Amino acid sequence: MKFERHHRILKELSISGVVKVSNLAKSLKVTKETIRSDLNELAGQGYLTRCHGGAFITLDSLDNVAKNEIAYVLEKYESAQKIKKGLSAMKNNVCVIGSFNVDIISYLPRLPSTGESLLADKFIFSPGGKGCNQALAASYA
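According to UniProt numbering, the residues represented by the sequence shown are 1 to 141, in order.
A portion of the hints provided could be inaccurate.
20 Å max Cα-Cα, derived EDC-like pairs, lysine to aspartate or glutamate [said to hold, decoys possible]: (1) Lys32 to Glu12; (2) Lys29 to Glu4; (3) Lys29 to Glu12.
Distance ranges between label pairs, derived from CB positions [claimed, not checked]: (4) Glu33 to Leu119: 37 to 47 Å; (5) Val30 to Glu116: 26 to 36 Å; (6) Leu118 to Thr31: 35 to 45 Å; (7) Thr31 to Glu116: 45 to 55 Å; (8) Val30 to Pro109: 35 to 45 Å.
Honestly, the hints are just simulated from the structure, not real lab data. Values in this document were obtained by computation on a predicted structure and should not be read as measured data. We put the CB at the ideal spot given by N, CA and C, even for glycine.
Make a model of the complete structure from these sequences and hints.
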């Protein structure tokens, strides 16, 4: 239940960029205290920033999540290297240890004409990428 609430909270954040405790409590059919606790936990994990009455997502919060993921992968990589200490070192090879995809959603005052550039007045950065978007679409199918 908790995992599902967290998933729905993060999904709502990715759509609107902001969530309110009262709206989440009504839509998830739980108390405001439960939502506050969930938001505090997600904020502690770096997924969002708390504000009075709700939460919002910022580039900094996503940056912290990315840093934590990278640090975790590097720690695991270093542990694996210690285990393989007796093996020869990699030379002239590329090793990809992970990736982090972010969807950048911009809000425009109107749709642009062909060849026209518009200045966005709001941006939302949310976890995403092709795989995430496909999984989300499949969950609605």
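Problem - Which numbered hints fail - result: 5
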